[in-house]
Structure formats: structure tokens, C-alpha cells
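*Asks:* Hey, can you piece these two chains together into the complex? The hints should help.
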Amino acid sequence: MRQKFGRWFIPVAGGLAFIYLLVPITYIFVFSFNDAGRTNLEWRGFTLENWKNPCGAPNVCESLVNSLQIGLVATIFATVLGTCVALGLVRYKFKFRNTADLLIILPLATPEVVLGASLLAQFLNLGWELGFSTIVISHVIFCMSFVVVTVRARVSSLDPRLEEAASDLYASPFLTFWKVTFPLLLPGIVAAALLSFAMSFDDFIITNFNSGNFSTFPKFIYVSATRGIPAQANVIGSAMFILALVVVVTSQVIAYRRRKALAAR
Amino acid sequence: MTATGSRPRNKKKPASVHLRSEEELAAERRKRRVGLYLIIPGMAVLALFFAAPVLVLLSMSLYARPPGAEIGEFVPALEFGNYVTVIGAYWDVFLRSFFFALIATVAALLIGYPMAYLVAVRLRGRQLMQGILLVLLIAPFFSSFILRTQAWKQILSDEGPVVTVLRAIAILPADGHLTATAFAVVCGLTYNFLPFMMLPIYANLDRLDTNLLEASGDLYASPLTTFFKVTLPLSMPGVFAGTLLTFIPAAGDYVNAALLGNNRDTAMIGQIIDSRFFKVVDYPGASALSFILMILILALVMIYIKRFGTKELF
Chain A
1 MRQKFGRWFI PVAGGLAFIY LLVPITYIFV FSFNDAGRTN LEWRGFTLEN
51 WKNPCGAPNV CESLVNSLQI GLVATIFATV LGTCVALGLV RYKFKFRNTA
101 DLLIILPLAT PEVVLGASLL AQFLNLGWEL GFSTIVISHV IFCMSFVVVT
151 VRARVSSLDP RLEEAASDLY ASPFLTFWKV TFPLLLPGIV AAALLSFAMS
201 FDDFIITNFN SGNFSTFPKF IYVSATRGIP AQANVIGSAM FILALVVVVT
251 SQVIAYRRRK ALAAR
Chain B
1001 MTATGSRPRN KKKPASVHLR SEEELAAERR KRRVGLYLII PGMAVLALFF
1051 AAPVLVLLSM SLYARPPGAE IGEFVPALEF GNYVTVIGAY WDVFLRSFFF
1101 ALIATVAALL IGYPMAYLVA VRLRGRQLMQ GILLVLLIAP FFSSFILRTQ
1151 AWKQILSDEG PVVTVLRAIA ILPADGHLTA TAFAVVCGLT YNFLPFMMLP
1201 IYANLDRLDT NLLEASGDLY ASPLTTFFKV TLPLSMPGVF AGTLLTFIPA
1251 AGDYVNAALL GNNRDTAMIG QIIDSRFFKV VDYPGASALS FILMILILAL
1301 VMIYIKRFGT KELF
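Protein sequences appear in the order of chains A and B.
Position one of the first sequence corresponds to residue 1 (my numbering), numbered consecutively onward.
Position one of the second sequence corresponds to residue 1001 (my numbering), numbered consecutively onward.
Rather than coming from a laboratory, the hints here were simulated on the basis of the structure.
There's no promise every hint is true.
[Said to hold, decoys possible] Mimicking DSBU-like on lysine-lysine, the simulated pairs with C-alpha atoms at most 35 Å apart in a straight line are:
{"id": "1", "chain 1": "A", "residue 1": "93", "chain 2": "B", "residue 2": "1031"}
{"id": "2", "chain 1": "B", "residue 1": "1031", "chain 2": "A", "residue 2": "95"}
{"id": "3", "chain 1": "A", "residue 1": "95", "chain 2": "A", "residue 2": "179"}
{"id": "4", "chain 1": "A", "residue 1": "260", "chain 2": "A", "residue 2": "179"}
{"id": "5", "chain 1": "B", "residue 1": "1306", "chain 2": "B", "residue 2": "1229"}
{"id": "6", "chain 1": "A", "residue 1": "219", "chain 2": "A", "residue 2": "52"}
{"id": "7", "chain 1": "A", "residue 1": "219", "chain 2": "B", "residue 2": "1279"}
{"id": "8", "chain 1": "B", "residue 1": "1306", "chain 2": "A", "residue 2": "95"}
{"id": "9", "chain 1": "A", "residue 1": "93", "chain 2": "A", "residue 2": "179"}
{"id": "10", "chain 1": "A", "residue 1": "93", "chain 2": "B", "residue 2": "1306"}
{"id": "11", "chain 1": "A", "residue 1": "179", "chain 2": "B", "residue 2": "1031"}
With the rest of the complex left out, here is chain B (with noise of 0.2 Å):
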């Protein structure tokens, strides 16, 4: 992400500029416009549709509520209090959004990784072979991920099968529940997101060269000393990836804590901001929500950037 911007300028060397005939000029002014040109439509669409949202969110999360008005109705104002107030209702909210975002994270990463390394590694060569694996981990995103929360909770529900199998060798109590549980809420955005956690490392992996692991174990590292000293850390950039494209929709999800969680201890920001907007019509509240959300994980990624960042991200 910073990679590009730290980067110097490429400066025009003095000697060269003599060099350079009219032409060869005119030809460079020609292609920087062409460079230009290519980048402006879709540079305005973000402006509008990307920039300008959110400097209008953050405005309105400081319109204020004059006194006698109907529900929905704001003033524009400079209304800080906002902050204040959401801050303290919903600190743990954001709280437990992170924490759920952090366990998916890394539970991903654990089932993830092995199956990157199986398709990329162990499978290199068998083109059709690794070709159906990854079909069946992109395939499921055409069969809608609400039909596939529901069906998990389903599977998970008190009369399904997991639980019977469960209270029935006692691991659970009988009157146990995985429905309407944190466990359920967190095992939701592991499986939702998991594609999003494999694909940047398989993409890494399958570029790894395996006679660097030959190399390995001719010095006799043993299998796991390989994997430590030099399988992770060359694929380093895919997990970085794959952690970033995991934890960043899973902290702003709300459609497994809707589905799987209760709405007592389960909530997540997300569901917050939802039902600020549309059940209670809170439009300044749900709007600094927001920006707070938008601004924890910038800060959160920023962090992590720069204490493992790597420059071949992006």
C-alpha cells in the first residue's frame, strides 16, 4: 500500500534533455495526456461515489437534532456530542466487532494456509486437479453467502445434526446450544471469508520454488524447520494479504451476527449502524458510527503495514 508512495520520482536526467528532438517531446507530452485521459472517468466515479460519500457521512455524523423535531429530522450543525454519545454506548461493540474479526482471522489463516499449500505446492503440475479445487473454493460465492449462512445455521440449530451428535457424547450439555452463540457468530465469519484468507496465499505459494525446500532438507533442516525458516516467510505477502481481505470485511459484518448471534452478547457494529439508520432513524449517530468504524480500521491496517508490511502488496 505505501510501497508507491515512497517511492522517488523518476527525474528526467539533465544530459538526456538535450538529446531529445521536438518530436520526442511532443510524444512524451502525447502519451502523459493518454495516461491522463485513461484515468479520469474512472478517478471521477470514485471522487463522486467514494470521496464525496464519505465526506457527506462525515458531516452528517455532526448534525444535530433541534429541539421539537420529527423523527429524521437534522439540522446541519457541528455537533461533537455525537461522538461522545456512541462512543459510550457501543466501546464494547466495537470491542467484541474486533475481537470476533481477530479469532476468524486467524482460525482462517489455520485452515487457509494448508489448503493454499495443498493446492499450490503439493499439487503442482496436476493442472486439473488444482484447477477443481479452486473452482469448488469460488463456486460457493455464486450460490448467495445468506443462503449459506442459513444453511449453517440450520446445521448448527438445536434439532440438526452437530448438536444431537454433541449432547450425545457429552461434549455439550444437554440443554447446549451452538445457535445464538459467539462460537456460531465467529465459526460464520471464518467460513464467509475464508476464500478471501486462501486465494492471496495460493496466488504466493504457487510461485514458491520448491528447490529451495530441496535445498533445505539436503542441509538437514527437518520438514518443519523448512516450513518455518523458509516456506512462511517467503509467502509472508500472501498471508499479509489474505489477513488484510479477512479481517477488514469481517470486522464490518453483520449478516453472521444477524443470523447466527443473539442480539444480546453477539452484536456487532455493524448490525449497530444498520439499525441506526433504518429502525431508528438516526442518521448523525449511525453516520459517526461509521466514520469511527472507517477510521479504527485504517488506523488497525496502517499498524499492521508498518510493523509487517511488505512491498509487493498491491
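In isolation and in its complexed conformation, chain A is listed as follows (with noise of 0.2 Å):
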């Protein structure tokens, strides 16, 4: 009895949650065809429209391609210096490192509303004007963290032999790094991008301390969503979940086959 109990509960448990999870995008995107006009709030029938024309509400387009900009180069900045840094902590050993790692930590363990609120301060202090160069500083603060965080694990999880296999036969140190050590943590480095880009995207709290009138996807859902949010942005967010669907999936697939193929050799 009890061990059947264990057999249905954590696929029916596990299979529930997913399905938790999912429930409000469905939603958006079955509200994305509907037929909307100004609110977005019941359902008035199917229409294609939005989907043909997704950048038919005004400023829908503009604030997403600001979030896609904005995420790009926070990642591309959060993922170089993060890198850099875990691999510094990890390898060197110098003066201050526990320092170094504190600073690290600490901004995962301050909630969004504080690094916003105390970065507002700062440029405020400083007479910055708020917009895009003050909101991908702050993305890239926080990603950089989540970057350094992934990609140590990835480094210390590293065999030493491999680069010291690689002096042996006379490689230099740059070209140990580049041929041996930066291939093993491509994966590591990667997947802490994609978190970083996901994170900056997805970003709400920090952007809307550090944006003035700079408007973000996120920030423009945020706003509209007293006055009703337009089908548009349904059509985008389900749009963007898709892409990232399709983009996952066929990485694995083809990931699944190779590992097919080396293992049928």
C-alpha cells in the first residue's frame, strides 16, 4: 500500500505543479486572440488581428525592443567581467579574497527594492540622468553576482590535470586557457548568459527605481495594467515564451541525438 503511494504521489504532485505553473500562460495566450479592443479583461471573441499586427498598441514595440536591448548588453557585460571574476576567486589566491567574495554575495542577498532604492540614491548623489546606460548598470550588478556564482561552481568542478596535461606538452598559458580551459566552461559560461538575459528581460523592481521616463517591457505591462493591458502584449509574451521554448528544445534535441549517435558507435 505504502509503496504504491509513493509511486503515484510525486508524479501526480510533481505533474500538478507543473501544470500550476502554466495555468497563467495559457491564459495569455488564449487571450491573445481575443478580439480586445482597448481592455483586455473578458473574453469577446476570436480574432487573428493581434498576432498579424503585434505592434499595433502604441509603444507595445518600443519598450520591448528597449528590454531586448537593455538585456543584451547587461549580459554581455555581467557575463565577461562575472567570468573573470570567478575565475580570479577560484584560481589566484591574493589578499582581500574574503572581501571579494563578500561583495559577491551580498547583492544576491539584498532584495531587489533595496539595490534599486540605494542605486536611485547613488545617482542621485551623482547627478546621472535616469535611462538606459543607469538601468543596464543595474542589471548588470545583479546578474553579475548570479554569473560569478555559476560559473565558480563550473571552475572548481574542473580537473587541473587537463591544463596541467596541456604544459606539458609545452602549451602556453594563453593557449591552455583557449583551447582547454575556456572550452570546459563554455557550457557553465552559457547557461549563466541566458540566466543573466532572462533575469534583465524579465526585470521589474530595480528598472522601474533606475529608469525615469525609459520605458521596459516589464515597466510598460506595469503601467498599463491599471488602464488594461492590450492584447498586444499577451501576443508578445506568449510569443517570447514560444521562441524560448522552441530555441530550449531543439538545443536538447540535438544535444539528445548526438549523445544517441556517439553512443550507438
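*Replies:* Structure below.
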């Protein structure tokens, strides 16, 4: 009896949890086909117009483009800076290591409102105008710590003998890094970069503090939530979801095929 | 978090110092310099845009408002009274924020653990299936969490399907609501931070040696005993990271409270900080609230790490 309970409990509970996770996405997707007019609150009939004309509502696409640009720039900075810090922290011993460690971890233990508020205080103090660059800076801060933590785990699990072998074979330190270390770290770096982009793209709280009049996609939705979100926002939300799904599933399938092919050899 | 802090420095063995040639020492010095060069840019960014801002926030929280000043005009001072004022006015909001975050964290753990177990242990070896479920977990990030929270608001609204059904089967009274309640806010928090709970647990369970579970079963432990004596203790580092990654953002969140709650008895501290900054233009008060929130969370995290911490975290 107990055996049976354990057998069905996990699939059922886990399955229900996944359904819970997908309920709002399904709702967003369904209502992207709503013939909504100005507010997308109740079902008024099926239409493809929103999908044919996703930029139909004012400011939807502008804010989306802003978010994509910010995500891209912030991800590049956070990934490069964070990877360097992760390598430096694991591989080299120096003074102030513990201080450096603390400085990396603290942003992760700080709630977004506090990060946002403190950066705003700093920008006000420096007299900087809020906009694209201040948003990018704020995103780099919280993404970088995630990159460091993710990549560092990968660096520490590297087998040092591989690098030793490379230098025994007369590879220069630079060549060893480029031909041995970096390829081994790459999957971790890519994962960290994707996570950074997702977090930057989806961030609202920190952005809201440091954006001034500059609009991002989450900010656009939050601001229009009081008046009613246009159905075009649902189209973009659904499209981004599907795009992410397709990209990752395709890469998974390719990796799966490759593994199978390797196993068959 | 503290694991690296308490580790003793590697000391050079005196015997080996004599054996090193000048060349080796130079290489060592070069290596150390490379390490420093690698971390300096990142650390500079963090110092300038994280450490310094927190200090600015601290100093701003002590600013005073001169008599007869315009709105938003403050002078540098050491006005500790700001803290007394905001604590007196908002201590209950702090309590509520932490309480909501705590319930959401426990709920996310109860929901996230079976998910993680399903993907990491039950579906082990079925990589395609695992991949698809993990994608489903991460892909919602790209459809904007505000859009999803707003979707919840409409699903749970008085005209929505959930309230209609619950009223029909009399679980909810005929004039009952789900939106604008504490229940809705906690549900929203749980929903939004579930991936942060699930992923670290998954990463941990993925490395779980299932032979141990079999061994436990061979020794006549019931599946439940096996779970509590073997699986759960081994997955504690994941649970630990997951609860921190859920609790910290949940305690400071205000989007869920703003969209799913009402302004009376579900307000969270993030909302107050936001409105003190932007609507009331009370920079010292907002800064003081932010600083208190930061200190409280750090204190709670420290206690939690001391009590339950494991060396594997980070």
C-alpha cells in the first residue's frame, strides 16, 4: 500500500505543480487571440488581428526593443566581468579574497527594492540622468553575482590535470586557457548568460527605480495594468515564451541525437 | 556563504621555499597578479555601484528636512529620529512582509520539491523528458512575470472561473473574493518564486546516488523512512539554497502585493518604500526603510545559515 502511495504521489504532485506553473501562460496565450479592443479583460471573440499586428498598440514594440537591447548589453557585461571574477577567485590566491567573496554574495542577499533604492540614491547623488545606461548598470550588478556563482561552481569542478597536461605538452598559459579551460567552462558560461538575459529581460523592480521615463517591456505592462493591458502585450509574452521553448527544445534534441549517435558508435 | 570565510589560508611550507628557483617564484608572482587583474574590473563595478550606493543610502537615511523646505528638499544630517519614525509607522508592514514571504517559501518548498524529485530522480536517464520539463520551468521568465501576475489577477477575479466554481460548490461564500486578499498575494509570491526554489533542489537531487535509496529499501526501510532518513538529508544543500533564493526576493517584492492585494491589509514593505520614494518624495524615510529591510534580511539569513547552513552552498 505504502509502496503504491509513493509510486503515484510524486508524478501526480509534480505534474500538478507543472500545471500550476503553466496556468497563467495558457491564459496569456488564449487571451492573445481575444478581439479585445482597448482592454483585454473579458473574452469578446476570436481574432488573429493581434498576432498579425503585434506592434498595433502604442509603445508595445518600442518597450520590447528597449528590453531586448538592455538585456543584451547587460548580459555581455555581466558575463564577461563575472567570468573573469569567477576565474580569479578560484584560481588565484591573494589578499582581500574574503572581502571580494562578500562583495559578490551580498547583492544576492539584498532584496531588489534595496538594490534599486540604493542605486537610485547613488545616481541622484552623482547627478546622472536616469535612462538606458543607468538601467544597464543596475542589471549588470545583479546579473554579475549570479554569473560568478554559476561559473565558479564550474571552475572548481574542473580537473586541474587537464591544464597540467596541456602545459606539459608545451602549450603556453594563454593557449592552455583558450584551447582547454575555456571550452570546458563554456556550457556553464552560456547557462549563466542565458540566466542573466532572462533576469534582465524580466526585471521590473530595480528597473522601475532607475529608469526615469525610459520604458521597458515589464514596465510598460505594469504601467498599463491600471488602464488595461492591450492584447498585443499578450502576443509578445506568448511569442517570447514559444521562442524560448523552441530554442531550448531544439538544442536539447540536437544534444540528445548527438549523445545517441555517440553511444551507437 | 561562510564556508570560504572560515577556511584557513594555505600557508607555504617552509621546507619547499628553499627548493623554489627564482623562475618559479616569478611565475607564482605573475599568477597572483593575473588573478588580481581578473577580478579588479568586476570588483570596481561592484564597489562603485553596490557598496558605495548602500553607503549613500545609509547617509541619505539620516538626512533632515530643514524647516520651511520644499517637498524633496533635504540637508545632510545625522537625524536618527528618521528610523524611530518609520519603525513606529511601519513595523506591522515589516512583520507582514516577512510572514507572507515565509508562507510563500514553505508553500514553494512543498510544491517545488516533488517537481524537482520527479525531474531529477524519477525521470533520470530520460533526458528529452527532463529537458522539456526544465524548459517549461524556465521559459515563463520570458513572458514577463508582471504579465503572468496580471493573468492570475484576472483568473482569480470575481468574474473569473475559479471564483465562480468555488462559489457554486459553496467553498467560498456568495460574496467572497480571491483577489485583493492576503491569500492571492501569497499565491502570487509562491508562483513567481517557485523556479528559484525548484532549480537548486533539482541541481542537488540530480547528483543523488539512487543506489543509496535501493540500499535503504533492502534494509527494510519504508519509502517514507528512506525519504526522511536518506533523500531529504542529502538534498538539504539544495533546499537551503532554494529557500534563501525564494525568501529574500519574496520579502522585498511589491508587484504581487500591488497587483493582487489591496492597499489596506496586504501592503508589503516594498510598496511602502516605492511610494515613499516616488509619491511622497520622502527620501530619508524611504532610505531608512530600505536599510532596515536590508539589515533584517541579512540578520535572518545569518541566523539561518548558522542554524542550518552547509558548506556546499555557493
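*Asks:* Given the proposed pairing of residue 95 of chain A with residue 179 of chain A, does the C-alpha separation stay at or below 35 Å?
*Replies:* holds (29 Å)
*Asks:* Would the pair residue 93 of chain A and residue 1306 of chain B pass a check requiring their Cα atoms to be no farther apart than 35 Å?
*Replies:* Holds - the C-alpha atoms of residue 1306 of chain B and residue 93 of chain A are around 26 Å apart, at most 35 Å.
*Asks:* Is the hinted pair residue 260 of chain A and residue 179 of chain A satisfied, with a Cα-Cα distance of at most 35 Å?
*Replies:* holds (26 Å)
*Asks:* Below or equal to 35 Å on CA atoms is what counts here, so check residue 93 of chain A against residue 179 of chain A.
*Replies:* Within the cut-off at roughly 24 Å; holds.
*Asks:* Has the given pair, residue 1306 of chain B with residue 1229 of chain B, been kept, meaning a C-alpha gap of at most 35 Å?
*Replies:* Measuring from Cα to Cα gives roughly 22 Å; hence the hint holds.
*Asks:* Straight-line Cα separation of residue 219 of chain A and residue 52 of chain A no greater than 35 Å?
*Replies:* Distance ~24 Å between residue 219 of chain A and residue 52 of chain A Cα, so the pair holds.
*Asks:* Keeping to a limit of 35 Å between CA atoms, is the pair of residue 1306 of chain B and residue 95 of chain A held or broken?
*Replies:* holds (25 Å)
*Asks:* Between residue 219 of chain A and residue 1279 of chain B, does the CA-CA distance stay at or below 35 Å?
*Replies:* Holds, because 17 Å separates the two Cα atoms, which is no more than 35 Å.
*Asks:* Within 35 Å, alpha carbon to alpha carbon, are residue 179 of chain A and residue 1031 of chain B?
*Replies:* Satisfied, since the Cα-Cα distance of roughly 19 Å is no more than 35 Å.
*Asks:* Would the hint linking residue 93 of chain A and residue 1031 of chain B be met if the CA-CA limit is 35 Å?
*Replies:* Within the cut-off at roughly 9 Å; holds.
*Asks:* Within 35 Å, alpha carbon to alpha carbon, are residue 1031 of chain B and residue 95 of chain A?
*Replies:* At roughly 13 Å apart (the allowed maximum being 35 Å), residue 95 of chain A and residue 1031 of chain B satisfy the hint.
When held up to the earlier numbered hints, the structure conflicts with none and fits them all.
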